[in-house]
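J.: Sequence:
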Amino acid sequence: MKAFILTSILLALPFFTACSQAEKKNTINKQTVRSLDLDRYLGKWYEIARFDHPFERDMVGVTAEYSLCPDGKIRVLNSGYKPDFNGKFKTAEEKARERGYDTSKLIWVKQK
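Each residue of the sequence shown is one higher than the one before, starting from 1 at the first, in this note's numbering.
A hint or two may mislead.
Pair by pair, the computed Cβ-Cβ distance ranges are [stated by the list, open to error]:
#, residue 1, residue 2, range
1, 72, 45, 17 to 23 angstroms
2, 90, 31, 27 to 33 angstroms
3, 86, 45, 19 to 25 angstroms
4, 31, 52, 16 to 22 angstroms
5, 63, 37, 17 to 23 angstroms
6, 27, 71, 34 to 40 angstroms
7, 37, 85, 21 to 27 angstroms
8, 28, 68, 25 to 31 angstroms
9, 41, 86, 28 to 34 angstroms
10, 48, 77, 15 to 21 angstroms
Honestly, the hints are just simulated from the structure, not real lab data. This one's a predicted model, so the numbers in the text were calculated from it and none came from an experiment. Ideal placement from N, C-alpha and C gives every residue a C-beta, glycine not left out.
Using the sequences provided together with the hints, build the complete structure.
T.: Below is the structure:
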């Protein structure tokens, strides 16, 4: 679950660039973003591609919703249907915090 959230966050912003590069080089750009504008990142994100992760395996309609908590942490709500849109609706709620580095900003997710 941790890997899914971190990977989703790291790849969400440069996704379109990574896809165009992947077509040219047949590889995926896994480089983290240089800066993160958290206000632009908050909200609901709809999955259009994914790496295989246990929580979302065999799921459809997967979303990740990021919201700011009063304590400054980030609420992460992942959800989707399994095995199809007529199946069971599943959710997983996590907490994350922004962590800045010299070369990039990451959001680290901690399981509840």
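J.: Would you mind marking each hint as holding or not holding in the structure?
T.: Evaluated hints:
For residue 72 and residue 45, the hinted distance range of 17 to 23 angstroms is satisfied, since their beta carbons lie about 20 angstroms from each other. In this structure, residue 90 and residue 31 meet the distance hint of 27 to 33 angstroms, their C-beta atoms being roughly 31 angstroms apart. Look at residue 86 against residue 45: about 23 angstroms separates their beta carbons, and that is inside 19 to 25 angstroms. Between residue 31 and residue 52, the C-beta spacing of about 20 angstroms keeps the proposed range 16 to 22 angstroms intact.
Between residue 63 and residue 37 the CB atoms are about 20 angstroms apart, so this pair conforms to the stated range of 17 to 23 angstroms. Judged by the Cβ atoms, the range 34 to 40 angstroms given for residue 27 and residue 71 holds: they are separated by roughly 39 angstroms. Checked against the hint of 21 to 27 angstroms, the C-beta distance between residue 37 and residue 85 comes to roughly 33 angstroms, which is inconsistent with it. Checked against the hint of 25 to 31 angstroms, the C-beta distance between residue 28 and residue 68 comes to roughly 29 angstroms, which is consistent with it.
Between residue 41 and residue 86 the beta carbons are some 32 angstroms apart, a value that agrees with the proposed interval 28 to 34 angstroms. Distance hint check for residue 48 and residue 77: the Cβ-Cβ separation is about 18 angstroms, which falls inside the suggested range of 15 to 21 angstroms.
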